[in-house]
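Given these sequences and hints, build the entire structure.
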Amino acid sequence: GAVVSQHPSRVICKSGTSVKIECRSLDFQATTMFWYRQFPKQSLMLMATSNEGSKATYEQGVEKDKFLINHASLTLSTLTVTSAHPEDSSFYICSAHRSTGGMNTEAFFGQGTRLTVV
Amino acid sequence: GNSVTQMEGPVTLSEEAFLTINCTYTATGYPSLFWYVQYPGEGLQLLLKATKADDKGSNKGFEATYRKETTSFHLEKGSVQVSDSAVYFCALSDNTGGFKTIFGAGTRLFVKA
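Protein sequence lines, in the order shown, are assigned to chains H and A. No gaps in the numbering here: position 91 of the first sequence is 91 in this note's numbering, and each next residue is one more. No gaps in the numbering here: position 63 of the second sequence is 63 in this note's numbering, and each next residue is one more.
Think of the hints as simulated: they come from the structure by calculation, not from any bench. Do not rely on the hints blindly, as some may be mistaken.
[Claimed, not checked] Keeping only pairs whose Cα atoms sit at most 35 Å apart, straight-line, the calculated DSBU-like set for lysine-lysine is:
| id | chain 1 | residue 1 | chain 2 | residue 2 |
| --- | --- | --- | --- | --- |
| 1 | A | Lys60 | H | Lys41 |
| 2 | H | Lys41 | A | Lys52 |
| 3 | H | Lys55 | A | Lys49 |
| 4 | H | Lys64 | H | Lys41 |
| 5 | H | Lys64 | A | Lys49 |
| 6 | H | Lys41 | A | Lys68 |
| 7 | A | Lys49 | H | Lys41 |
| 8 | A | Lys112 | H | Lys41 |
| 9 | A | Lys56 | H | Lys41 |
| 10 | H | Lys41 | H | Lys66 |
| 11 | A | Lys112 | A | Lys77 |
| 12 | H | Lys20 | H | Lys66 |
| 13 | A | Lys52 | H | Lys55 |
| 14 | H | Lys64 | H | Lys20 |
| 15 | H | Lys20 | A | Lys49 |
| 16 | A | Lys77 | H | Lys41 |
Below you can see the structure in the form of structure tokens.
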């Protein structure tokens with residue numbers, strides 16, 4: 001079946017540095033990918049929609065200069081947390097949609113990246 | 001806009017007990033409905049889905065029926081196991097929202113042996 005791979009699964013970085021998270025669709029092409037953030041014991045909040053070949057669409061309240069998204073190919077989207085601070089520590093999850101016919105799609109989620117900023 | 005409301009947890013059950021986790025939704029279009037499961041420290045796994053009214057999704061003993069009249073998609077399992085302990089998310093996705101997935105708050109389930 002379709003698989004979405006997210007890397008790294010865990011990362012610890014120093015405050016002020018930048019961290020890049022990759023999301024790959026392994027056996028299908030994804031023109032659209034989504035990035036979510038999950039705070040401890042809370043639900044997933046959509047951060048942005050990553051569009052292949054064009055700018056990402058950010059949800060209200062998400063800083064686009066803080067969370068840089070690049071969707072350079074049909075199988076890869078990256079999220080870069082720039083100048084990370086402890087409050088950016090969170091669980092980040094990506095998803096990619098594959099068409100299942102007509103207007104229907106199925107979402108596949110990466111395994112998530114736990115970011116800890118110290 | 002679209003939204004999903006699910007019962008608050010945590011839910012604590014004994015092994016072999018019956019499980020119900022309520023989920024209701026609000027949507028402007030004709031959404032697909034999903035239940036996802038998240039085990040500790042892991043990402044999301046699709047548990048089951050239904051794409052139109054009256055469809056029943058089922059997997060691993062879990063079931064949920066898409067009820068358009070009550071805008072509900074309640075998750076049920078007849079006999080839970082310790083290994084079912086996880087967080088369960090109800091979610092919807094439709095083409096009017098660009099296929100974004102909107103999640104409920106999640107319900108944590110603890111199953112005791």
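TODO: Would you check the hint for A:Lys52 and H:Lys55, treating anything up to 35 Å between C-alpha atoms as holding?
DONE: Holds - the C-alpha atoms of H:Lys55 and A:Lys52 are around 32 Å apart, at most 35 Å.
Task: Pair hint H:Lys64 and A:Lys49, alpha-carbon separation not exceeding 35 Å - done: Satisfied, since the Cα-Cα distance of roughly 32 Å is no more than 35 Å.
Open item on the list: Need the status of pair A:Lys56, H:Lys41: alpha-carbon distance at most 35 Å?
Closed with: With a Cα-Cα distance of about 28 Å, the restraint between A:Lys56 and H:Lys41 holds, given a limit of 35 Å.
TODO: Could you grab the alpha-carbon distance between H:Lys64 and H:Lys20 and see if it respects the 35 Å cut-off?
DONE: Within the cut-off at roughly 14 Å; holds.
TODO: Mind checking the alpha carbons of H:Lys41 and A:Lys68 for me, to see if they're no more than 35 Å apart?
DONE: This hinted pair holds, its Cα atoms lying about 29 Å apart.
- [ ] For the pair we were handed, A:Lys112 and H:Lys41, check the Cα-Cα distance against 35 Å.
- [x] 20 Å, holds
TODO: Quickly compare the C-alpha distance for H:Lys41 and A:Lys52 to 35 Å and report which way the hint goes.
DONE: 30 Å, holds
Open item on the list: A:Lys60 and H:Lys41 were given as a pair; does the straight-line alpha-carbon distance stay at or below 35 Å?
Closed with: 24 Å, holds
Task: Distance restraint between H:Lys20 and H:Lys66, which requires alpha-carbon spacing of 35 Å or less - done: 12 Å, holds
Open item on the list: Next pair to validate is H:Lys55 with A:Lys49; report whether the Cα-Cα distance is within 35 Å.
Closed with: 31 Å, holds
Open item on the list: Holds or violated: A:Lys49 and H:Lys41, Cα atoms, limit 35 Å.
Closed with: It holds: about 23 Å lies between the C-alpha atoms, which stays within 35 Å.
Open item on the list: Against the 35 Å threshold, does the CA-CA distance of A:Lys77 and H:Lys41 hold or violate the hint?
Closed with: 23 Å, holds
Checked against the numbered hints listed earlier, the structure breaks none of them; every hint is satisfied.
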